[in-house]
Amino acid sequence: MPTFTPPTIRFGGDYNPDQWPRDVWDDDVRLMNRASVTTVSLPIFSWAKLEPEPGVFNFGWLDDVFATMEAGSIRIDLATATASPPPWMATLFPDTLPVDINGVRLGVGSRQQYSPSSSTFRKLAIRLVRQLADRYGSHPAVESWHISNEYGCHVPMSYDAESVEAFRAWLKNKYATIDALNDAWGTAFWSQAYGDFDQVGAPAAMPTFPNPTQLIDWERFSSDALLGLFLAEKAVIREITPDIPITTNFMGFFRDADYWQWAPHMDYVSDDLYPDPADSDHYIMAAATRDLMRSLGGGRPWILMEQSTSAVNWRPRNAPKPAGMNRAHSLQAVARGADGILYFQWRQAKAGAEKFHASMVPHGGEDTRIFREVTALGSELAAISPNVIGRKVPARVGIVFDWDSWRSLDQEAQPTRIDYVATVLSWYRPLLRRGITVDFVQADGNLSGYDLVIAPVVQVASEAALQGWAQFVAGGGTLLATYQSGILNENLHAYLGGYLGPLRSTMGIRIEEFAPLAAPYDQRHPDPAASTRFPVPGTRIEGQLAGEAGLWQEIVLADDADVVARFADGFAAGQPAVTRRAAGDGGAAWYVATQPSNDLIDSIMARLLDDAGVTTGLFDEPTDQAEAVRRGDMLFVINHADHERDLMVAGQARRLPAYGVEVSALSAGA
Amino acid sequence: MPTFTPPTIRFGGDYNPDQWPRDVWDDDVRLMNRASVTTVSLPIFSWAKLEPEPGVFNFGWLDDVFATMEAGSIRIDLATATASPPPWMATLFPDTLPVDINGVRLGVGSRQQYSPSSSTFRKLAIRLVRQLADRYGSHPAVESWHISNEYGCHVPMSYDAESVEAFRAWLKNKYATIDALNDAWGTAFWSQAYGDFDQVGAPAAMPTFPNPTQLIDWERFSSDALLGLFLAEKAVIREITPDIPITTNFMGFFRDADYWQWAPHMDYVSDDLYPDPADSDHYIMAAATRDLMRSLGGGRPWILMEQSTSAVNWRPRNAPKPAGMNRAHSLQAVARGADGILYFQWRQAKAGAEKFHASMVPHGGEDTRIFREVTALGSELAAISPNVIGRKVPARVGIVFDWDSWRSLDQEAQPTRIDYVATVLSWYRPLLRRGITVDFVQADGNLSGYDLVIAPVVQVASEAALQGWAQFVAGGGTLLATYQSGILNENLHAYLGGYLGPLRSTMGIRIEEFAPLAAPYDQRHPDPAASTRFPVPGTRIEGQLAGEAGLWQEIVLADDADVVARFADGFAAGQPAVTRRAAGDGGAAWYVATQPSNDLIDSIMARLLDDAGVTTGLFDEPTDQAEAVRRGDMLFVINHADHERDLMVAGQARRLPAYGVEVSALSAGA
Amino acid sequence: MPTFTPPTIRFGGDYNPDQWPRDVWDDDVRLMNRASVTTVSLPIFSWAKLEPEPGVFNFGWLDDVFATMEAGSIRIDLATATASPPPWMATLFPDTLPVDINGVRLGVGSRQQYSPSSSTFRKLAIRLVRQLADRYGSHPAVESWHISNEYGCHVPMSYDAESVEAFRAWLKNKYATIDALNDAWGTAFWSQAYGDFDQVGAPAAMPTFPNPTQLIDWERFSSDALLGLFLAEKAVIREITPDIPITTNFMGFFRDADYWQWAPHMDYVSDDLYPDPADSDHYIMAAATRDLMRSLGGGRPWILMEQSTSAVNWRPRNAPKPAGMNRAHSLQAVARGADGILYFQWRQAKAGAEKFHASMVPHGGEDTRIFREVTALGSELAAISPNVIGRKVPARVGIVFDWDSWRSLDQEAQPTRIDYVATVLSWYRPLLRRGITVDFVQADGNLSGYDLVIAPVVQVASEAALQGWAQFVAGGGTLLATYQSGILNENLHAYLGGYLGPLRSTMGIRIEEFAPLAAPYDQRHPDPAASTRFPVPGTRIEGQLAGEAGLWQEIVLADDADVVARFADGFAAGQPAVTRRAAGDGGAAWYVATQPSNDLIDSIMARLLDDAGVTTGLFDEPTDQAEAVRRGDMLFVINHADHERDLMVAGQARRLPAYGVEVSALSAGA
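Protein chains in written order, with our numbering: chain A, 1 to 670; chain B, 1 to 670; chain C, 1 to 670.
Among the hints, erroneous ones may be present.
The list treats identical chains as one, so a pair stands whether inside a single copy or across any two.
[Claimed, not checked] List time: in silico EDC-like cross-link candidates among lysine to aspartate or glutamate, alpha-carbon distance up to 16 Å:
| # | residue 1 | residue 2 |
| --- | --- | --- |
| 1 | LYS392 | GLU644 |
| 2 | LYS392 | GLU412 |
| 3 | LYS350 | ASP183 |
| 4 | LYS172 | GLU70 |
| 5 | LYS350 | ASP444 |
| 6 | LYS350 | GLU490 |
| 7 | LYS123 | ASP560 |
| 8 | LYS350 | ASP18 |
| 9 | LYS172 | GLU644 |
| 10 | LYS172 | ASP183 |
| 11 | LYS123 | ASP585 |
| 12 | LYS392 | ASP633 |
| 13 | LYS123 | ASP610 |
Since the hints were derived computationally from the structure, they do not count as laboratory data.
The model shown is predicted, which means the values in this text are computed figures rather than measured ones.
Only chain A is shown next, with the shape it has when bound in the complex (with noise of 0.2 Å):
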């Protein structure tokens, strides 16, 4: 597999010629030149300009940018321009359209048109991808392959009759017999054993609350299918142009493709984030997203393929980035291992759906503060390069991120409602504010290389997975499971006598029952929001931790286990909450079973690492709005807060203006 290694580190973002007036061709490469822009990504939205009617290819505008690009030494991340199909594509072959969960077809005026099992449209996708291979596969400019964008985006699974036969097909192949896929899917429950693969159909509208493992298997298939159009696009590049390195970009946590599936496609990972600069704790979601992508890589440089300059377009507010926010951001990204940062976009569209969405060059033109900034950046990145690019991050902590378990949660007819990603963060925002790097990890993956494990509401696990958690603790790990996790099997079956399967001998406990909060409320007139609010209040608890606590409480029979902390009220008054069992040579299994507030989880996290072996991190002290990240020999002190500060690092204090990173070279101390 080609790998990819830039010079230095990329810089640059989409490019978008065919929007403007040839002149303008010429001054953004002399800005680009300014700006130390090393890349741009073309033409991800130029379908119907290069083909303008079916068959019919219109390379010549293509060809000048190329020229003009090379001549100002600017590399281009080569899109396969399959984003989004023409209109004739909607008008010559209607059934390429995508179909919503009511049977709407979604027409032309916006993007991503298409039904991602269309037959058609992945013919006619294939022949545009050979036609830009065959032409510019050999261009020198061409440093790598940028296929398609955003699967999955707005249409990631579409109701129409060819998918529902793709999705027969799929369920063959995994279950061979209609036998096998009654009993996976527990038909016996509600009269819906299949007679036949052809009764079997997408759960689209139906009376009540779908089949279970219906709806996951649609899910795990719709990403398949996206997946399988990328597959198709990267065999016919592949062919024609073995050397150079593919990747699509992803768009963070993003449930409706389940990115561990799809990684080991990558020559190299990327990844479009988009932090709300109105949420003071983004940092949090975008540093775990910018671990999430290097583990995806399984720890190799990733790149940032889109970002905003400042605001985007696409909230209800859009707030603009204050100076120096967009450094950080690039520089977090940096420092968690991105060998790259790029933008959406390189100009701001004067016309179009996001004519309001910043950009490296804002409709005020060079003289503004955005170029300014992305000015200073690229120079700022060219000059650090060489000491970080193709660097390792170490961690030596690992957070299990499961996309089955994300659905599963999300599925109606649960105990209560559990934010997935919300929760996860919940666990890794206590790691965060000590400055320890945290890797996530696949619930039946590789344990060996960490000290502590935790797995956060990983309501689905297979057995393979769980004895993978309970032979991690035997070997000397630290593992810690939270309430909802090791309940359900990978077919969504219960694990009977006490959940947990496996893991229980390993935790030493059973659970008994459930006992979700909920909110006081009137049940004449129920407030929604009061009862999805996360936590929601709220419990104690009490013992050698002690704090509060939400949202669950659950009967726990600690049989073989220490028990940490009870819980001082209500449902569960009196029964553990927490629980620990020494395992193994020095290994521990802790077991949480309600949803601390985050004070609880930072005490609950000191016994954790301390069980762990796991020693301070690179903040001296838990420190809220701040970074400090190790990659290679290089440390990367960041300041998430709106005014200056000293953090205090390694035993050193460094003063950092607002939004301000310093990047030195790690001291032998730290």
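Mind docking chains B and C on chain A? Use the hints.
Okay, now just chains B and C, sitting in the frame of chain A:
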């Protein structure tokens, strides 16, 4: 009509052995016997297993179940298995699938995917029922028939073409001529006059408010269409097994089926009820529902066909039942006339959409709090049976409950939003807290057995009904009607000249104007939450009765009535709020022109009971979170509070633990 | 064009005699005469009765109505009865039915179920109109034509196939070539380039944000399609009855019809308005709407075609009008240029979807508060007519009102959510409370008659419009433009280089960045309510003007303007918030870069009025809940408060009761 007289209070639940391996069945019998289970309902959701292909029946496994149950002395409530058709029906006969108000056809994957008016579905259902009746109708384990399940729970109506045809036939039968329909529907309004029945449709998607009479007729038709399915199955069953009693399980206050129309066709009434443990007032709604079920059956014993031992799985957050609450709910039902306590379901499913729904045997197995409580309750019910079973529950107070008023108040284009059931319960509550038992009565029902009748927001009332109320007063009864009673006749035409129709002279008032209260809001950004809270604050009344009220004011002209209280403020300041007119031989007609606060309703109730000569109830003082009910010669006292306390009943203090229940022989003085 | 000059202020309402027995009609005439009714509108919703079968007309009953009215000296506003087609049209011509954005065809049962672009509907409507004009065009009772009713109220646009064809024709007519359309729509973005007009569709359901220009063109087309229906009927009527004036009733601030395009086709403007009595600020919106109607007609008198005597029936909660409020609303309209006060409707319906809507004769009959107020008002209007009718309402201040800006701001993918009408009213309010009358003006209208023009959030403005504003300032006018004015041209393309286009030099500023304010929120659980409140707090400005503001900040470069105030905090801290540039001969160009609080707008307005030389208004001090307006030589003073108070007008205290109105000759000093 066969009557249902179980030897002891029926105890058990839905049983789905087809979801489990054969060896579990023997364990089931063992545990059923341990829990004193008398009865299981089956095979409610087994159509797909019983008839895996059209016309091919597979009864062997069910023969085995019957034999197993018989061997274990468990009786069978034989379900017709027509609650959810097999997937092949949708494949072969897609027209059987229901269509929603926007024309979306609902598919396979959950349950109940049939149009109530589908003749194909009906034909296939009847074929199955005949098979079941022929095969098991004389089986000694069978004690009753359970037709379908929760009619209309998810699909109370369908907008498919066959349903529209059936609606037209129903309308032709009701109105005979299109002119009569035009008159009844008031189609002179908005150019809606129909030239022929063929032009009439369902009230599906349309530009704005549907014709109100079209809509209520559609809802009446849809309830009748479901009832027609029931009657079709019943006819086959009655023919083959004339001596086995027949029921279908109701769903409490369920708007989409007018149970007054259904109940006469039941050999005994049965009900499913799932009060929310997170709502501290849930016992009020539950008590009222029990009383409704008894009233629907004309006072005869009924069966609680489904409840949960603890949490359900279909709320956003599903709270468990604390220790004792399941017993309290069960004995509440018995106290109010139930001769059976059953559950959904016997053994908690390990897969499917209800795997998180509590059951008699939970995921954790028999060594669990839930199963221990189940066994204790089974034993207790058997013990009290001799003194309870078949006994009557006396009541001297009636509350009108009217489906047409509910439907009308829920329409758009009303003066304000009125929560019908909440309003009815606001008048039920002060009687419950006094320990006075209530019957629900039909608007045009026989009131002769009551001393006091309350008519809360009976917006729709025929002339006959209003004449009946007038006669009740003339005969010495005490009647209270609230605002929005007697406003519209059965075609939803307003009574002109002051509303109330034939009741006007009895009340001695005319109503000149409505003045719904609107919470102050900013018109540019109305807060929908603020405008739907119940009751909307606020107004005050003053006079002989004084206190807080809300939601409604109006201008009442008290031509021939005493003004008991007047509005203290607002649009109707100084105008009558409560009036009373003595009539007949000790009769009294009360009118309340607002929604009083709970405290104020309590005060009004004291006056009413005095007028009606209903002496103090079983409680010495009005008591919250508690019940005292007489059934036959037994007294049931229930503490719904989460703590121990003393309850004063009939002059005697009884100490009850949290959720405690005392069942005792009624002392002479009570 | 025939002008409409009623002898006295028109008084009456919609009349639906076909909903009542014949004997009621005579009573109607008796009561109309008692109430000084001059005019009734009919037969608005009688198509089904007039043409019970296609082509079969039934006019006998209407002949009788005409004769009855004539005998009672009641004049007729003759409606064309095409507002709602008969049910048979849907049966015979289902393609006439409208289709919603999701492809759902809307059916019969309410009203207005026609697609604006249906040629069949149009043909049938015109056939009916010709019949009516031929039969009644010369009837002596007819004084005016009332075409259709509230065009677009429920179905402003339809997504059926015929509408899409009509849209394509409209686009061909506008753009001539597909290249011109591609340029205007910016289809280079997102691969949207069309090869042919046949590939263009309506902006129906699609994966994400529609092309903004496609969307606004669709909205312009849909407004034109409705207007086309009006013009088709008008042509027939004008041909047959050239001397009878023609109108259709507008609906105030109604987004879906650009009344600037419609108004020139009206012989006189008429309007329907239903302010919400529960909103204490409703009088502001109402006053502005009256001014808009007068402005649409170029200052000519207009008609209030519909209002309610008290409550309506289509809000969630429908508050009644307290005694006097109906009179206050009516005289407010007269003060602001109305020569007619009519109601929906004469007699309250006893059935149908509007049976709870107040009317001139309520359910309670003539012995009611409402009818007594109606008769008093009819008499009063007749009395004041000689001094009022036909008189002008002078105004020296103009506020730009622009449908395209409204449409654009309401699109998705905007910087923030801006409530267009609320923002306009925030600038109208301080003038109202001073007793200064306002005209609304078109963005590219003639401003020469004004001293002060305010342009609030006129996001869309052509170069011509912006040049017109610049010329207005150059000519000595005072102009204020707010944030988000002059951002996009008529194709929604951004003005590059600092926005404002040709107005930039007049303002002396450039706008570099937008910084919408976002209420703090938890990203994991954003509170949508909190993010849409108006105005979002908060920021402060300081300098010559100081106070609270919200919703918006931006970076303004004041190259050639005085900085009147700066932002005190936030992203734009220290940057200009209010600028002023003197220009021309006493002209001044103001810019406000935020949404000031009401108090702050008041302060800004004082400065503006001073600049513009507009002396103090009719009120001595700014006064809330009140109005003072001059029409001709008459002064109208209105107390909108719910209590008696003194109002200081032109140096004189006037004591007015709650909702009181004083109409008097204007003294020389005012």
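Inset, instruction - Tell me, please, which holds for LYS350 and ASP18 at an alpha-carbon limit of 16 Å: within, between, both or neither? - result: Answer is within; shortest intra-copy Cα gap is 12 Å, inter-copy 57 Å.
Inset, instruction - With 16 Å as the alpha-carbon cut-off, assign the pair LYS123 and ASP560 to within, between, both or neither. - result: neither (59 Å within a copy, 58 Å between copies)
Legend entry - Within, between, both or neither, where LYS172 and GLU70 count as close if Cα-Cα is 16 Å or less: neither (49 Å within a copy, 41 Å between copies)
Inset, instruction - With 16 Å as the alpha-carbon cut-off, assign the pair LYS392 and ASP633 to within, between, both or neither. - result: within (9 Å within a copy, 82 Å between copies)
Inset, instruction - Give the relationship of LYS392 and GLU644 under a CA distance limit of 16 Å: within one copy only, between copies only, both, or neither. - result: So LYS392 and GLU644 fail the 16 Å test inside a copy (30 Å) and across (63 Å) alike.
Legend entry - 16 Å Cα threshold - placement of ASP444 relative to LYS350: Classified as neither: same-chain Cα gap 48 Å, cross-chain 22 Å, threshold 16 Å.
Inset, instruction - Classify it for me, LYS172 with ASP183: is the Cα-Cα distance of at most 16 Å met within a copy, between copies, both or neither? - result: The answer is within: 14 Å in one copy meets 16 Å, while 49 Å across copies does not.
Legend entry - Alpha-carbon proximity between LYS172 and GLU644, which holds within one copy, between copies, both or neither at 16 Å: Neither: 60 Å inside a chain and 59 Å across chains, both beyond 16 Å.
Inset, instruction - Tell me, please, which holds for LYS123 and ASP610 at an alpha-carbon limit of 16 Å: within, between, both or neither? - result: neither (57 Å within a copy, 70 Å between copies)
Inset, instruction - Evaluate LYS392 and GLU412 at a C-alpha cut-off of 16 Å and name the case that applies: within, between, both or neither. - result: neither (41 Å within a copy, 41 Å between copies)
Legend entry - Identical-chain pair category, LYS350 with GLU490, by Cα at 16 Å: between (49 Å within a copy, 13 Å between copies)
Inset, instruction - If the cutoff is 16 Å on CA atoms, where do LYS123 and ASP585 land: within, between, both or neither? Let me know, please. - result: Close neither inside one copy (57 Å) nor across copies (68 Å); limit 16 Å.
Consistency note: the structure conflicts with the earlier hints numbered 1, 2, 4, 5, 7, 9, 11, 13.
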